[in-house]
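Q: Chain residues, written in single-letter form:
Protein chains: 2
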Amino acid sequence: MKYIFYTYLALVLVSCSNNKNSSSPRWEQAARGVWKVSVGDPDKVNLLSELNIVPNLDAIAEIRESPLPFGREEVEIEVVDNRTFLRFPLEESEKIFGLGLNFKTVEQRDRILRLHVDHYGGRDDGRTHAPVPFFVSSRGYGVLINAARYIDVWVGTGVRKDSEHPPVARDRNSDLDWTAKPYSDNLEILIPAGGAEVIVFSGPTMLDVVRRFNLYNGGGCLPPKWGLGFWHRVPTLYTDKEIEEEVKEFEEKGFPLSVIGLEPDWMTAAYPCTYEWDPGRFPEPAAFQQTMKERNIRTNLWINPYISPQGELYDKIEPYTSSHTVWCGLVPDYTMPQAQDLLKQHFRKHQLDIGVSGYKMDENDGYDFWLWPDVATFPSHTPAEQIRQIYGSLMQKITTEMYEEENIRTYGLVRAGNAGTSSFPFVLYNDYYNHRDFITALINSSFIGVFWTPEVRASHTSEEWLRRMQTVCFSPLAMLNAWADGTKPWSFPDVAEQVNEVARLRMSLIPYLYSSFADYAFKGIPPVRAMNLEEGYRADVVLKEVSFDATANPYAMALKQEVKDQFMVGEYLLVAPLFEGEKERQVILPQGKWYDFYTGECVGEGEVITASPGLSKIPVYVKDGAVIPLYPETAKLDGTKYPLEIRHYGEKPGTYSLYDDDGESYNYRKGEYMRIPLEVSVDASGKKEGKVETSDIERSWSFSDYRFVFY
Amino acid sequence: MKYIFYTYLALVLVSCSNNKNSSSPRWEQAARGVWKVSVGDPDKVNLLSELNIVPNLDAIAEIRESPLPFGREEVEIEVVDNRTFLRFPLEESEKIFGLGLNFKTVEQRDRILRLHVDHYGGRDDGRTHAPVPFFVSSRGYGVLINAARYIDVWVGTGVRKDSEHPPVARDRNSDLDWTAKPYSDNLEILIPAGGAEVIVFSGPTMLDVVRRFNLYNGGGCLPPKWGLGFWHRVPTLYTDKEIEEEVKEFEEKGFPLSVIGLEPDWMTAAYPCTYEWDPGRFPEPAAFQQTMKERNIRTNLWINPYISPQGELYDKIEPYTSSHTVWCGLVPDYTMPQAQDLLKQHFRKHQLDIGVSGYKMDENDGYDFWLWPDVATFPSHTPAEQIRQIYGSLMQKITTEMYEEENIRTYGLVRAGNAGTSSFPFVLYNDYYNHRDFITALINSSFIGVFWTPEVRASHTSEEWLRRMQTVCFSPLAMLNAWADGTKPWSFPDVAEQVNEVARLRMSLIPYLYSSFADYAFKGIPPVRAMNLEEGYRADVVLKEVSFDATANPYAMALKQEVKDQFMVGEYLLVAPLFEGEKERQVILPQGKWYDFYTGECVGEGEVITASPGLSKIPVYVKDGAVIPLYPETAKLDGTKYPLEIRHYGEKPGTYSLYDDDGESYNYRKGEYMRIPLEVSVDASGKKEGKVETSDIERSWSFSDYRFVFY
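As they're listed, the protein sequences go chains P and H.
Quick note on the numbering used here: the first sequence kicks off at 3 and runs consecutively.
Quick note on the numbering used here: the second sequence kicks off at 3 and runs consecutively.
Since the hints were made in silico from the structure, they are not lab data.
Watch out, some of these pointers could steer you wrong.
Put simply, identical chains are the same to the list, so a pair is met inside one copy or across any two.
Using 25 Å as the maximum straight-line C-alpha spacing, the simulated DSS-like pairs for lysine-lysine come out as follows [unchecked claim]: (1) K346 with K163; (2) K318 with K163; (3) K546 with K243; (4) K595 with K693; (5) K163 with K351; (6) K250 with K163; (7) K595 with K690; (8) K490 with K97; (9) K546 with K106; (10) K562 with K595.
These numbers come from a predicted model, not from an experiment.
Let the hints inform the model, and build the full structure from the sequences given.
A: Put into structure tokens, the structure is as follows:
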């Protein structure tokens, strides 16, 4: 066991060479391979300033060092007219990722975004739940624009007269090489403020950049183990008795269930909210929590930020609220400690103290109508725009801290986040419901330090239902959200067994998933990841010529086709969901041999294969040499120690560092955790042999025994 | 004849009562019933500052006076954090119109907009070709936010804690009166600048407000008479000979034609542009212009703003251009007189001097990609955001002035405009192509001092083709734009005759239309108008209950249904287009009796009627007592004097002030125009008698004779 020491090391000031005018950028080293660059007069409140996060400098220091791929003088920053302008160089083959939770595109070069917290509106224009102003370049560096402002980004679209790599002017009609988007060699940014701080992260690989970014934000979150089980949100009008019936039904059907989510009407009033139990539906909330606890079920409560005059919090928090109301509810100014403390007190009294496990925090994202306008004023004098950009982050911070203070881990849902939230145990979700786009969001979440769930709500067909269930089980939060539709996992009887099967597969994967999340917490490696962060993966954007159309495509733009429907889970698994109507799909395998998860068969090597596993399976592939620790399918997350199945795939020898801890508290931060080395050797004849210290298993929190299975 | 005196009267300073801090608003009377209100430190460049427009104070003074419907203290303005915040009170039944060229909504209360010059992207979110920050209230006042900035507007959506008319907080589930959008009693605005000027216009009616607004901007434009004929834009690769053939074909088919539009490839290079004739397709441009002139055809040339290195303008204008290029072309800084003069010189030499009648000015609107980014810098130091908001206005101003300097009227097309352009003879258009939404834009254009054409390009069916042709003939610019599709008016043979019929109807309406445009120029009355500007019109927005849907409508919002598909043309005509697939439609008639334009039959009185005129007719209704002057259908706009048919509809006596002038020059501004009074009296028995001074007709430019026709 290794003791990780979390302190904030004094930052070494590396003086800035260039001071030609007041807005010359100041460079300052913030961690190994991390630099803060500031210019002008940055806002007091930024994306990170209010979150109380502590960079994990030790873990950052363990990442191999790499210089920035350009000189500091190539980064231009200046302040004009109360706006801050930034420019980064782009190389011809360079790719840019990140820049918010996009739903339709992974590569962001050639796009124009206005990063603005909002409900995603069907276009990758920057308005999204987590418009994190952080980009990762394929040249091996990344940049966070640490400003809580609506930030405009032109990613390789603007062409400067003084460019060193100018494109050639062409006549649209006579020259076949004319293009609607001439080559641009820079990425430009506009921050509507009189100064800003940016944080530059070095590589060498994109995964290193992402890791540095996450660790700088305090590392990734480690959810409680129960958080990785199956979640089910019940219809909003359900009573305690109806929920107990629902839980019983899950038990009877043998369907895994770890968390029950309650929707608005658990409260005396919602939209705006009291955060107090409705005495009609929940006459004895503490007893109800106790009943749930006995059945090994956690409860998660829906809330939104707006405070109802019908509740006891209203009068107390009123002095710390905005000029404007939302749904007639007060909007607390959560940059103020007073407002934070009042919320914590109220939550403790009504929820935490009786055993509620966490929250689903809705409507902190906007859609403009369901949020304060930017003309609102707040008692802390923080501009409304800035409050909007960090409101979801603040709500995550407050609830996380409240549970931390009790040494209890929480895991919940939230509809808005931003930079700096990777250590907060919250998963983003929304009302949008496109299965393919949900996968693209899952991929994009890994560049920007957030989690996303492609939650299942309803479906038109049993095929769609099953396909959605299959993917959600390979996401950070496997959830059926039946708040409005009253669906149940078995709502489509013809696929009920297959749905159960994939949910049980999720349960068996928990040792593997939990270790993957530990890698997020300790090393900053996202547990669910874009293929682009995987070594040996190559898939370039393909331009598809489309025909000119005076209305639909007047500039005769080629359509970009990119791979945005397959992703990595943990160290070894490649998941390639199928969608409704598909009998087969193409999968791009990175370099090396890959094996079918279910059969162990070799499926290919650094190539494009066609997957056609039938309706009942989601295509999952395993890297050569993978060691995968599994629970029995029937495992419940009730503290029982289960026998461990240790699978090995392929020809190469393999190792795995199995993580374990108590699964519930923050004691792991004090060193109370284990790393159990699993090892499989392969001799010249191909014979495999597994090795694990039995004493490790015996000392573990979660495992009773083990056996190796060689595929 | 009345001599209109255009001078800029010294403005009377009405001192501001309230000076409690440095950002107290300053009120200043700018004209009768018009006040300038400023606060903080307004930008030097605003929507009007660069346009050289002269308010028509005399004409404004003729509008009856009316106080503002609220006290000055009810308007709140303050500057905080380099942003300017404004608040206007809203009453419960108050309606708000205007706020840009919207395509889907007419009433703007309950909407949130960010007014931003852009290509319309399918949503009424403020990004549009003419995001004019001017609103008109049903309480009888209007406000222009005179700032060339991206302005956010919350129209009755923000609810303040300190509201005097606070809505009641309700529980979403248990209270049936819960609403997703609680009542708001204010209209709030955010200007991202450290000060601003707003201009407040009084009523009493909304039409009075609009008139004051237009007259303050110099009045409406009076197009040359030929501009009201039929326009046809030919495919981009057409040569001079092909155009001559096309013109011949129109003549042979007896189809009216006044203007031929040439698309990008008339130039040596386009995207970026040289503005110089392609010697292959147009070896003798002057001779070509002469040929067209002999056939009584004007030519209109497509351009976009970006200057090609292949042309002679490039080197000269380079010092006055932006840091960024678009399609590798220079972006002139047209706030600089040097750039304006260079463009004028170039246009004169290559176009005006050989007889070109005007331009279609494309791509000054954006779509972000086809425009400079906001990080661009300009040699005048005007911020890029401000330049974007007025670029279309500037291009209109430059070309208008160039023609004015030659005492020639022009009429053209442009893809961007803003406040202050009503006197510039340009009509907005775009690539969007929804017939219904095109009509809504036509309606909205009348609130904000711009013109819009629902141009016809192509259609899926002959029915759609005919329906589109029918509406475009009742718009400010009747045009078939075949640049990409190569369509001709007779492209659908089964409706070719009906298309010809409505085009000929357009020609016969020219005396009426031209007088209507004169009312725009002299009195500020939009020739094509929203019903809401019509006295006696009542049509409230209807809320249609729609069912809750967790994905599509999670807040269970009622759908707004409003009347946005009928409009007024001139003083007397109500036009209610039919759309593809419709056999009939409902039409809301304002108070008083209304008559069928074609038959003279009375169709109703202040009621909703069903129109089913068959495929060949567009429903047109005439107000009781209307006097409508008509040309023969076969009239050509070649200077020939035609006999006038003076129709009278209904029971009431009627008058009409028929306008006439030379149709081509600006001499009308020197008083060289006529107003010919047409009068029809009706005696007690219903007998009608027409009266017009024969000497007036004899002295006119356009009429040889007259006869009355009583319907």
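Q: Does each hint fit the structure? Answer for all of them.
A: These are the hints, each one checked on the structure:
In this assembly of identical chains, K346 and K163 lie within 25 Å of each other by CA distance solely across copies; the values are 24 Å between and 55 Å within a copy. When the C-alpha separation of K318 and K163 is checked against a cutoff of 25 Å, the pair qualifies only between copies, where the shortest distance is 15 Å, while the shortest distance within a copy is 58 Å. In this assembly of identical chains, K546 and K243 lie within 25 Å of each other by CA distance neither inside one copy nor across copies; the values are 56 Å within and 36 Å between. Within a single copy, K595 and K693 get their C-alpha atoms as close as 23 Å, which meets the 25 Å cut-off; across copies the closest is 96 Å, which misses it.
For the identical chains of this complex, K163 and K351 are neighbours neither inside a copy (62 Å) nor across copies (27 Å), given an alpha-carbon limit of 25 Å. Taking the closest pair of Cα atoms, K250 and K163 never come within 25 Å of each other, the shortest separation being 69 Å inside a single copy and 46 Å across copies. Taking the shortest Cα distances, K595 and K690 sit within 25 Å of each other inside one copy (17 Å), while across copies they are farther apart (96 Å). Proximity of K490 to K97 under the C-alpha cut-off of 25 Å is found in neither arrangement, the shortest distances being 42 Å within a copy and 46 Å between copies.
In this assembly of identical chains, the alpha carbons of K546 and K106 lie at most 25 Å apart only when taken from the same copy (16 Å versus 32 Å across copies). When the C-alpha separation of K562 and K595 is checked against a cutoff of 25 Å, the pair qualifies neither within a copy, at 29 Å, nor between copies, at 58 Å.
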